[in-house]
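Undergrad: Residues per chain, in single letters:
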Amino acid sequence: MTPRRKRLLAVLAIVVGVGAAAVLASLAFEENLLYFYSPTQIVAGEVPEGRTFRIGGLVTTGSVQRSSGSLEVHFVVTDNQESIPVRYTGLLPDLFSEGKGVIAHGHMTDSGEFVADEVLAKHDENYMPPEVAESLHMPTPARTTE
Amino acid sequence: MNWTWFHKLASPPHFYRLAGRITPWLGWPAFLLIVIGLYGGLVLAPPDYQQGDAFRIVYVHAPSAWMSMFIYGMMAIAAAIGLIWRIKLAHAVAAAAAPVGAWFTFVTLVTGSLWGRPMWGTWWQWDARMTSELILLFLYLGLIALRASIDDRERADRASAVLALVGVVNLPIIHYSVYWWNTLHQGSTITKFGKPSITFDMLWPLLVMFVAFKLFFGMVLMLRVRGEVLRRERDASWLREELTR
Numbered sequence: 000m001t002p003r004r005k006r007l008l009a010v011l012a013i014v015v016g017v018g019a020a021a022v023l024a025s026l027a028f029e030e031n032l033l034y035f036y037s038p039t040q041i042v043a044g045e046v047p048e049g050r051t052f053r054i055g056g057l058v059t060t061g062s063v064q065r066s067s068g069s070l071e072v073h074f075v076v077t078d079n080q081e082s083i084p085v086r087y088t089g090l091l092p093d094l095f096s097e098g099k100g101v102i103a104h105g106h107m108t109d110s111g112e113f114v115a116d117e118v119l120a121k122h123d124e125n126y127m128p129p130e131v132a133e134s135l136h137m138p139t140p141a142r143t144t145e
Numbered sequence: 000m001n002w003t004w005f006h007k008l009a010s011p012p013h014f015y016r017l018a019g020r021i022t023p024w025l026g027w028p029a030f031l032l033i034v035i036g037l038y039g040g041l042v043l044a045p046p047d048y049q050q051g052d053a054f055r056i057v058y059v060h061a062p063s064a065w066m067s068m069f070i071y072g073m074m075a076i077a078a079a080i081g082l083i084w085r086i087k088l089a090h091a092v093a094a095a096a097a098p099v100g101a102w103f104t105f106v107t108l109v110t111g112s113l114w115g116r117p118m119w120g121t122w123w124q125w126d127a128r129m130t131s132e133l134i135l136l137f138l139y140l141g142l143i144a145l146r147a148s149i150d151d152r153e154r155a156d157r158a159s160a161v162l163a164l165v166g167v168v169n170l171p172i173i174h175y176s177v178y179w180w181n182t183l184h185q186g187s188t189i190t191k192f193g194k195p196s197i198t199f200d201m202l203w204p205l206l207v208m209f210v211a212f213k214l215f216f217g218m219v220l221m222l223r224v225r226g227e228v229l230r231r232e233r234d235a236s237w238l239r240e241e242l243t244r
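These protein sequence lines are chains X and E, in that order.
Count the first sequence with numbering that gives the first Met the number 0 and you get residues 0 to 145, in order.
Count the second sequence with numbering that gives the first Met the number 0 and you get residues 0 to 244, in order.
Hints were generated in silico from the structure; no laboratory data involved.
Take these hints with a grain of salt, some might be off.
Unchecked claim - A few chain X residues facing chain E, derived, Cβ under 10 Å:
no., residue
1, 20
2, 33
3, 35
4, 39
5, 51
6, 53
7, 91
8, 92
9, 119
10, 122
11, 130
12, 132
What the hints assert, rightly or not - BS3-like mimics (lysine-lysine), calculated; alpha carbons at most 30 Å apart, straight line:
no., chain 1, residue 1, chain 2, residue 2
13, E, 7, E, 213
14, E, 7, X, 5
15, E, 87, X, 5
16, X, 99, E, 7
To be verified - Covered stretches of chain E (in silico footprint by chain X; criterion: 3 or more residues with CB under 8 Å from a CB of chain X, positions within the stretch not fixed):
no., stretch
17, 27-35
18, 116-124
19, 161-168
20, 182-188
21, 193-204
22, 217-224
Beta carbons: idealized from backbone N, C-alpha and C, even for Gly.
If we strip away everything but chain X, and leave its shape as in the complex, we get (with noise of 0.2 Å):
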């Protein structure tokens, strides 16, 4: 084996050794990597009691009720297949609106209440004008007028 051809394989052993590393800590890490968890994820048990967590999903439509007076507002987190109730008193992203994607951090209550203390919207990598998201009938967030 010539000298170069060492210094090839010890620069490939580094990259793949690497590598390998990470996928075996990733996979032991898995769970702590979740930066959210689904409804359906949280009704089957798969988040740890007691702990505060966040849960990611869709606003369920016509669920979101403000309550007058207050901060507090009551949505409906889901995925489709399961719902989870939130409750979360402060002000909301502006993306934040039924049928769009959104992230609340928190803690579940023995009644099966999600009470949030920080809600995050989430937005996907689709982007249109305005017109081209109406004729495609996407829900658009109310806009409050300027």
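Following the hints, put chain E in place on chain X, whose structure we already have.
TA: Coordinates of chain E only, in the frame set by chain X:
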């Protein structure tokens, strides 16, 4: 196969002159395309149906993110060539590329944060995409620091090359993070296979910016490699002749 061109390319005097000649051919098109791309993206493209005008930050964010990974990949290949074939110029290229890659990564993180605040409702979340991109920045900074901390040039080259190769594992993690794990960050809009999920009037300025950023990087790299060669070959006779010509 005839490798003469490759050996010629690896010769510092040849590359020094070549880099000087092609710099304007990269720089001016880059400048022109950035002007066209920004005008197309910020003025001509329609607002997004969900995000309104805020989506326009994609015209800087996505090309920067792409460059942050492209530069790392290129740097790692240069480092591998330097290690295996003992080509000094390849190490010079890797050394010259690292700070540029770090800046593109920084721009990616800052524009992403500025975008995330109004759209998602947060400046920063520890989701897999954002965390792996932050690790990329730390890798670049680590490489710059490692190189700066070793006085002996050859040892610095070799140590940096090994670290650069170790960091390659992060590139697929960044790219596939949005598919492998649940993330706040959305998936890819433009994929190699399949139709991009963006309309053409919004897409073309993005593609122009992709090309522009690449040319810009090419220009900066040529300037920086020339600087590296000047520093590394400061005692060489060809350089004295070159500079007194």
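Undergrad: Does each hint hold? Answer for all of them.
TA: Status of the hints after comparison with the structure:
| no. | hint | verdict |
| --- | --- | --- |
| 1 | 20 | 8 Å, holds |
| 2 | 33 | 5 Å, holds |
| 3 | 35 | 5 Å, holds |
| 4 | 39 | 12 Å, violated |
| 5 | 51 | 14 Å, violated |
| 6 | 53 | 8 Å, holds |
| 7 | 91 | 7 Å, holds |
| 8 | 92 | 3 Å, holds |
| 9 | 119 | 5 Å, holds |
| 10 | 122 | 6 Å, holds |
| 11 | 130 | 8 Å, holds |
| 12 | 132 | 3 Å, holds |
| 13 | E:7 to E:213 | 24 Å, holds |
| 14 | E:7 to X:5 | 24 Å, holds |
| 15 | E:87 to X:5 | 18 Å, holds |
| 16 | X:99 to E:7 | 57 Å, violated |
| 17 | 27-35 | violated (count 0) |
| 18 | 116-124 | holds (count 6) |
| 19 | 161-168 | holds (count 5) |
| 20 | 182-188 | holds (count 6) |
| 21 | 193-204 | holds (count 5) |
| 22 | 217-224 | violated (count 0) |
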